[in-house]
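Asker: The lines below spell out each chain.
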Amino acid sequence: MSSQTSLDFRKNAAAALKDGSLRAAMQNATGAISRKRGDAMTQVDFEALREQASTIRMKVLDNLQMYVDRFSDNARKTGAVVHHASDASEARGIISDILKSRKVKLVAKSKSMISEEIQLNERLKEEGLEVIETDLGEYIIQLAGESPSHILAPAIHKSRQQVGKLFTEKLCCDYTEDPQTLTKIARKVLREKFIRADAGISGANFALSESGSIVILTNEGNGRMVTSLPPLHVAVLSIEKMLPSIRDLSPFLRLLPRSATGQVLSSYVSIITGTRKGGETTGAQELHIVLLDGGRSEIVKGAYREILKCIRCSACMNVCPVYRTIGGHAYGWTYPGPMGIILTNLLTGLENAHPLADASTLCGACNEVCPVKIPLMDLILKLRVDKISAGLAPAAMTWGMRLFGAAAASPTLFSSSKRLAHTFWPLIRWMGGKDVAGRLPEPSVSPLRRRLK
Amino acid sequence: MRIQLFGTCLVDALFPQVGESLLRIFETYGVETDFPQGQTCCGQPAYNAGYHKEARKAAEHFLEVFAGSDLIVTPSGSCAAMVKHHYTRLFQDDAELLAKAEETAGRVYELTQFLVHVLHLPEKGLRGKGKVTYHSSCHLTRMLGVCEEPLLLLKSMQGLEFIPLPDTTRCCGFGGVFMAKLPEISMALSSEKADDILLSGADTVTGCDAGCLMNIADGLKKKGSSVNVKHIAELIAEGL
Numbered sequence: 094m095s096s097q098t099s100l101d102f103r104k105n106a107a108a109a110l111k112d113g114s115l116r117a118a119m120q121n122a123t124g125a126i127s128r129k130r131g132d133a134m135t136q137v138d139f140e141a142l143r144e145q146a147s148t149i150r151m152k153v154l155d156n157l158q159m160y161v162d163r164f165s166d167n168a169r170k171t172g173a174v175v176h177h178a179s180d181a182s183e184a185r186g187i188i189s190d191i192l193k194s195r196k197v198k199l200v201a202k203s204k205s206m207i208s209e210e211i212q213l214n215e216r217l218k219e220e221g222l223e224v225i226e227t228d229l230g231e232y233i234i235q236l237a238g239e240s241p242s243h244i245l246a247p248a249i250h251k252s253r254q255q256v257g258k259l260f261t262e263k264l265c266c267d268y269t270e271d272p273q274t275l276t277k278i279a280r281k282v283l284r285e286k287f288i289r290a291d292a293g294i295s296g297a298n299f300a301l302s303e304s305g306s307i308v309i310l311t312n313e314g315n316g317r318m319v320t321s322l323p324p325l326h327v328a329v330l331s332i333e334k335m336l337p338s339i340r341d342l343s344p345f346l347r348l349l350p351r352s353a354t355g356q357v358l359s360s361y362v363s364i365i366t367g368t369r370k371g372g373e374t375t376g377a378q379e380l381h382i383v384l385l386d387g388g389r390s391e392i393v394k395g396a397y398r399e400i401l402k403c404i405r406c407s408a409c410m411n412v413c414p415v416y417r418t419i420g421g422h423a424y425g426w427t428y429p430g431p432m433g434i435i436l437t438n439l440l441t442g443l444e445n446a447h448p449l450a451d452a453s454t455l456c457g458a459c460n461e462v463c464p465v466k467i468p469l470m471d472l473i474l475k476l477r478v479d480k481i482s483a484g485l486a487p488a489a490m491t492w493g494m495r496l497f498g499a500a501a502a503s504p505t506l507f508s509s510s511k512r513l514a515h516t517f518w519p520l521i522r523w524m525g526g527k528d529v530a531g532r533l534p535e536p537s538v539s540p541l542r543r544r545l546k
Numbered sequence: 003m004r005i006q007l008f009g010t011c012l013v014d015a016l017f018p019q020v021g022e023s024l025l026r027i028f029e030t031y032g033v034e035t036d037f038p039q040g041q042t043c044c045g046q047p048a049y050n051a052g053y054h055k056e057a058r059k060a061a062e063h064f065l066e067v068f069a070g071s072d073l074i075v076t077p078s079g080s081c082a083a084m085v086k087h088h089y090t091r092l093f094q095d096d097a098e099l100l101a102k103a104e105e106t107a108g109r110v111y112e113l114t115q116f117l118v119h120v121l122h123l124p125e126k127g128l129r130g131k132g133k134v135t136y137h138s139s140c141h142l143t144r145m146l147g148v149c150e151e152p153l154l155l156l157k158s159m160q161g162l163e164f165i166p167l168p169d170t171t172r173c174c175g176f177g178g179v180f181m182a183k184l185p186e187i188s189m190a191l192s193s194e195k196a197d198d199i200l201l202s203g204a205d206t207v208t209g210c211d212a213g214c215l216m217n218i219a220d221g222l223k224k225k226g227s228s229v230n231v232k233h234i235a236e237l238i239a240e241g242l
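Chains as they are written, first to last, in our numbering: chain H, 94 to 546; chain S, 3 to 242.
For the record, the hints were derived by calculation from the structure and aren't laboratory data.
We treat Cβ as the ideally placed atom computed from N, Cα and C, and that holds for glycine.
Watch out, some of these pointers could steer you wrong.
To be verified - Pair ranges (Cβ atoms, derived):
| no. | chain 1 | residue 1 | chain 2 | residue 2 | range |
| --- | --- | --- | --- | --- | --- |
| 1 | S | Lys224 | H | Glu223 | 23 to 33 angstroms |
| 2 | H | Arg522 | S | Gly203 | 31 to 41 angstroms |
| 3 | S | Pro168 | H | Glu262 | 32 to 42 angstroms |
| 4 | H | Gln378 | S | Cys149 | 52 to 62 angstroms |
| 5 | H | Pro324 | S | Pro168 | 51 to 61 angstroms |
| 6 | S | Gly40 | H | Arg522 | 45 to 55 angstroms |
Generate coordinates for the entire structure from the input sequences, incorporating the hints supplied.
Answerer: Dropping the structure here:
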């Protein structure tokens with residue numbers, strides 16, 4: 094197998110590093126969110142809460158198919174139509190068919206990373222539908238023709254000046270960089286879309302097996318409008334979002350907003366159980382729930398299963414020194430940061446995504462903040478091991494490491510390679526380049542071992 | 003009191019001044035130091051790069067060289083964490099080596115742990131000078147859980163003004179092989195760390211890991227800074 098892939102992470106990262114505006118926006122935003130997260134966690138017993146949350150998520154993963162089946166049965170009893178999609182293409186097809194058969198023209202969407210993963214918008218646009226993102230950050234990047242660079246704050250890489258310019262160009266309004274005025278402008282456009290939309294598409298943060306409910310946490314209220322104003326609601330979510338029942342929700346309601354934005358609770362928590370019933374005045378008349386597998390039923394059987402505990406809070410990326418410096422686009426797919434390194438490799442294949450395995454200093458900050466105790470750093474390290482076993486590492490690295498292994502087991506070889514390094518230092522420095530060897534001091538002539546002989 | 007000193011390859015090959023400082027500290031406080039001549043590297047570069055077969059060779063060699071019952075002291079949080087926490091993962095399939103790794107792990111002390119908990123240096127009237135800030139390296143803090151010890155030492159040093167470093171636990175961008183594989187990001191991170199250090203107003207930055215300090219020194223050098231970069235062992239030895 095060749096180590097070549099279309100993903101040149103190093104090049105992407107180097108380009109992002111040259112974007113001063115991106116770097117400033119990333120540092121400010123991730124720094125502020127991480128500080129708020131830290132403050133918010135002092136109000137709860139984080140260790141106890143994450144232990145509880147992790148246990149619940151593991152219980153679900155240990156019996157995932159059972160919980161999915163139970164959810165499907167119970168959701169059907171509430172009037173929802175449940176669809177199972179084995180991959181992205183099938184999910185796109187199911188959603189497209191639902192919308193076409195009901196002659197939908199305008200779709201209002203609330204934030205859904207699964208819809209990004211399956212590239213739903215592109216498909217619906219090809220079919221002539223108007224799709225409008227109603228989460229403010231998603232709306233901004235939709236206007237800019239970009240993809241999200243963060244799973245929660247998709248436009249995190251943009252400054253308010255950039256958003257001001259974008260709105261002036263696309264929405265024909267006067268330039269302003271005041272966030273509140275910009276929000277009002279977007280709100281005016283979006284309100285009109287909500288009222289006209291024939292269908293709403295949402296994701297879900299959790300799915301409750303016992304009641305067949307889906308749970309959506311939002312701050313802008315757009316999620317509630319997308320799921321209740323249009324007559325048709327399509328929810329697309331991946332199978333691992335299951336929780337056994339509403340009794341298990343509490344630790345997640347406490348952990349997710351705190352981990353995500355440092356909020357005690359998100360502004361809105363919607364628990365949607367089935368369609369509008371007789372006598373009710375709100376809610377969609379027709380509800381379709383599309384459950385995406387996308388490789389997850391295989392992942393759950395393997396050594397990386399714990400990544401499926403992830404509740405998409407984004408705390409790991411907000412504290413990741415690499416992500417904070419380069420932003421999300423450099424990672425090349427839907428999910429960036431530590432959780433993204435792992436998911437992208439598992440969902441798109443090691444052969445396509447393996448350069449991401451190197452995108453960590455192994456500092457361990459991600460492990461420390463994960464609200465469901467995913468050993469992110471350890472799984473990234475495991476990816477490196479698997480990458481090497483799959484023959485995807487550069488040959489020079491493999492030979493270098495073989496030499497290292499031999500030298501580490503032989504003091505004579507070890508000290509003679511050190512002496513050689515000293516003798517040939519100018520050559521090594523030249524060959525290693527200024528960005529690598531040029532950053533090391535010259536080897537010492539009187540090492541510790543000689544002093545202590 | 004007798005110890006085995008694990009110098010680490012970075013200190014042995016690149017930072018002789020740290021080694022000299024260690025010897026001065028140990029001589030002053032009556033610690034008899036054995037430097038097993040067969041020592042090489044703990045194996046961390048291979049381990050973190052995913053080459054666990056090679057890391058295992060290094061680990062087996064380490065266990066052989068550092069056999070015995072003396073405490074093993076090392077001036078690196080990262081190398082101490084490797085021996086203490088990762089060796090046992092490498093030997094999951096070998097009961098004999100696993101037992102040996104567990105026994106050895108129990109004897110490993112990172113330098114500041116040893117200086118604080120065994121030699122009780124903060125109570126022995128250490129001296130220092132200047133305005134000093136401290137970078138808490140990732141593996142020391144997050145894997146070994148050593149947060150307080152270096153601060154206890156620095157704050158006990160008479161004549162030294164300790165200045166906290168903002169965002170001190172944020173990675174400096176060294177990451178072992180990371181600095182070679184993704185040098186652009188590594189340098190961006192060391193540059194940010196250097197900015198924080200300059201902002202602190204300290205004249206010296208210290209830490210417990212030579213690798214991180216080397217990377218930080220490079221970040222500072224690129225900014226034309228005159229801030230000194232010293233391992234905590236050097237600061238302590240200078241005041242003796």
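Asker: Checking against the hints above, which ones are violated?
Answerer: Of the numbered hints, 1 and 6 do not hold.
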